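Novice: So for the sequence shown, the numbering used here puts the first residue at 3; every next one is plus one.
FYI, nobody ran anything at the bench for these hints, they're computed from the structure.
Just so we're clear, the structure is a prediction, and the values are computed from it rather than from any experiment.
Where hints are given, some of them may not hold.
Have a look at the derived ranges for each label pair, beta carbon to beta carbon [stated by the list, open to error]:
1. N140 <-> F38: 26 to 34 Å
2. T127 <-> Q36: 39 to 47 Å
3. D33 <-> R125: 37 to 45 Å
4. L117 <-> K50: 30 to 38 Å
5. R126 <-> E41: 47 to 55 Å
6. E129 <-> V100: 45 to 53 Å
7. R125 <-> A86: 50 to 58 Å
8. E133 <-> G70: 24 to 32 Å
Heads up, the beta-carbon is just placed ideally off N, CA and C, and yes, glycines get one too.
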Amino acid sequence: MTNSFPHDGAHRAEQAERTSLGELIGNISDDLSQLFRQEVELAKAEIKQEATKAGKAAGMLGGAAFAGYLAVVLLSFAAVFALAAVMPLGRAALIVAVVWAAVGAVLYLNGQKKLKTVDPMPRRTVETIKEDAQWLKNPTG
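Let's have the full structure, built from the sequences with the hints guiding it.
Specialist: Structure follows, in structure tokens:
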């Protein structure tokens with residue numbers, strides 16, 4: 003009994019001879035397209051996984067900020083009541099409020115100063131793009 007589908011080198015060579023150049027290029031194109039789609043799917047999966055981790059971290063940081071806020075409020079009340087032991091309650095509250103107003107003013111002024119140094123234009127990237135465009139116009143230099 004002979005095998006009607008031989009799997010030896012002669013059969014592969016014969017099959018390769020029958021395949022046209024156009025078919026080979028088409029096969030390569032299909033393989034590259036499939037590979038590209040698989041890479042895109044992998045990238046999507048990785049980005050989704052990283053976004054989930056970032057979301058959890060952001061939630062924890064938000065919770066920490068809220069806990070810090072509550073601590074500052076309660077410590078401020080404690081300071082008011084501690085000062086109230088030696089002066090009227092209204093004056094103690096006013097002193098704590100003035101301290102917080104001063105802290106807020108200093109933070110505001112420093113933040114405003116830093117904000118003025120922010121440059122929204124990605125200057126290095128713009129320069130690189132200009133250089134690339136110039137090179138494309140005259141690749142020989």
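Novice: For E133 and G70, compare the CB-CB distance with the range 24 to 32 Å and indicate the outcome.
Specialist: violated (46 Å)
Novice: Is the gap between the beta carbons of T127 and Q36 within 39 to 47 Å?
Specialist: Check failed, 33 Å falls outside 39 to 47 Å.
Novice: Given the hint of 47 to 55 Å, is the C-beta distance from R126 to E41 inside that range or not?
Specialist: Cβ of R126 to Cβ of E41: about 29 Å, so the range 47 to 55 Å is violated.
Novice: Could one say that the CB atoms of D33 and R125 fall in the range 37 to 45 Å?
Specialist: Once the Cβ atoms are compared, 42 Å apart, the range 37 to 45 Å for R125 and D33 holds.
Novice: Starting from the hint 45 to 53 Å, judge whether the C-beta atoms of E129 and V100 obey it.
Specialist: With a Cβ separation near 49 Å, E129 and V100 satisfy 45 to 53 Å, so the hint holds.
Novice: Has the hinted range 26 to 34 Å been met by the Cβ atoms of N140 and F38?
Specialist: holds (32 Å)
Novice: Does the Cβ distance between L117 and K50 fall inside 30 to 38 Å?
Specialist: At 34 Å between Cβs, range holds.
Novice: Taking the CB of R125 and the CB of A86, does the distance hold inside 50 to 58 Å?
Specialist: This hint holds: roughly 55 Å between Cβ atoms.
This entry does not satisfy hints 2, 5, 8, going by the numbered hints stated previously.
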